[in-house]
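S.K.: Here is how the chains run, residue by residue.
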Amino acid sequence: MNYNWNWHIFWEPVAAGEGVYWEWLVSGLGWTVATSLLAWVMALALGAVVGVVRTTPVKWAARLGGAYVELFRNIPLLVQMFLWFFVLPEFLPQAVDRWLKQDLPNPEFVTAVVALGFFTSARVAEQVRAGINSLPRGQRMAAQALGLTLPQAYRHVLLPMALRIIIPPLTSEFMNIFKNSSVALTIGLLELTAQARAMNEYTFQGFETFTAATVLYVIVAFTVNRLMAWIEDRSRVPGYIAGGGH
Amino acid sequence: MYDFDFDVIQRSLPYLWKGLQYTATLTLVAMVGGIVIGTLLAMARLSSIKILYWPASIYVNLLRSTPLILVIFWFYFLVPLIAQWITNSPTPVSIGADRSAFITFTIFEAAYYCEIIRAGIQSIPRGQVAAGYALGLTYGQSMRHVILPQAFRNMTPVLLTQTIILFQDTSLVYVLSVTDLLGAASKVAQRDSRLVEMYSFAAVCYFAVSYTLSLTVKRLQKRFAP
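Sequence lines, in order, name chains A and B. Mapping to the working numbering: the first sequence position 144 is 144, numbers consecutive. Mapping to the working numbering: the second sequence position 224 is 224, numbers consecutive.
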């Protein structure tokens, strides 16, 4: 293979514009992290609500929650991004549409967060539901026998256990959201993968560029993994198999 | 209110159908290839031979922490160079985005299938392996006749769920301008300035296929559940 290695490329000035190439990647990483974190907060909040609703005895609400999950789970994320970005604005009142297209700052970023947030919320909802359903039925009954209302039972008995149980699957979802944020390049967000692609197109140093981007993603994944392991460790319930025993 | 034009969808149906065929082919090839390579990787990851264990583990973990789009770019860049090296050609061998996608998805999905298959193999009681050896079977024979048949039976729903994800992920070949289902819809959308119709219709198609498949998986799960 005759390939011209040049690891100094990151310190070379950008062909068109100012700065050096590593700044592109760092700026991309910044957008990747910002998009993912905001979307994650949104996904946790929405997912927790939808997941809880699916386990309540209110039949119509549970069914509605089910429809929500199926809708966001069965359409590819890329197509969902396009729906939010190109399709939805056309069906809004003209004033809103105009505001979206003209006055909304950084529409790519906002759309990416919303799309990624809804997409991931369906997955979080499934985990929350599975977590609550994995609790012994006696816990719900005991809570009600003690005279707790349904919201109280969730607040004080079911959710504190269920949310701890689902930390490992939530860790995967949290790691996934960083990877999935790369899909936002299709609507023009200059996140890490987009910047790597641009840098490759400018420099033809594919090996160096993609290696750097891959390393950055691996570092992010590793950080998230350790953070969640720390949370899992701190939130353990004494007396459970994974809880260190007492 | 938006003036939804159903006619543009009808006119482009044959073109979209071709796109869907590409999507289906890519899904099937990547599934079969991914499961075959994934099985080999899983056996390597469960092996006590370090020279098999380490490369397979690094490979799987690396691919699983990298976004698919970045992997698509990686292979689009790498495959011509590797092909040049294999064929001793003086210049990089262009193989086209269509074929590059097949290689990328097979190799990428193998990492995900690997972890499912590894969990499946590990769910088989240890005694089964011992029993196989006690009967005088070799490693390969006990894998082929004892472990894998049971493991695959347990794993079928999870493997199919992964395949639904794979089916949805194939839409990402859009970044290489390949004419898959979404690529076809997008090309018509740009040409006729009918983004709303084409993207909505593509969403409906993806939803219909994924949802039907997921119902099938649920039915299978019930049948396999003890």
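Heads up, a few of these hints could be off.
Which residues of chain A face chain B? A few of them, derived with a C-beta cut under 10 Å, are [as the list claims (entries may be wrong)]:
hint, residue
1, 56
2, 139
3, 213
4, 235
Which residues of chain A face chain B? A partial, calculated answer using Cβ under 7 Å [to be verified]:
hint, residue
5, 72
6, 83
7, 91
8, 217
9, 221
10, 224
11, 227
12, 233
Hints were generated in silico from the structure; no laboratory data involved. Note that beta-carbon positions come from the ideal geometry of N, C-alpha and C, so glycine has one too.
S.K.: Each hint needs a verdict: does it hold in this structure or not?
M.R.: These are the hints, each one checked on the structure:
no.: 1; hint: 56; verdict: violated (21 Å)
no.: 2; hint: 139; verdict: violated (23 Å)
no.: 3; hint: 213; verdict: holds (6 Å)
no.: 4; hint: 235; verdict: violated (24 Å)
no.: 5; hint: 72; verdict: violated (10 Å)
no.: 6; hint: 83; verdict: holds (6 Å)
no.: 7; hint: 91; verdict: holds (6 Å)
no.: 8; hint: 217; verdict: holds (5 Å)
no.: 9; hint: 221; verdict: holds (4 Å)
no.: 10; hint: 224; verdict: violated (10 Å)
no.: 11; hint: 227; verdict: violated (15 Å)
no.: 12; hint: 233; verdict: violated (21 Å)
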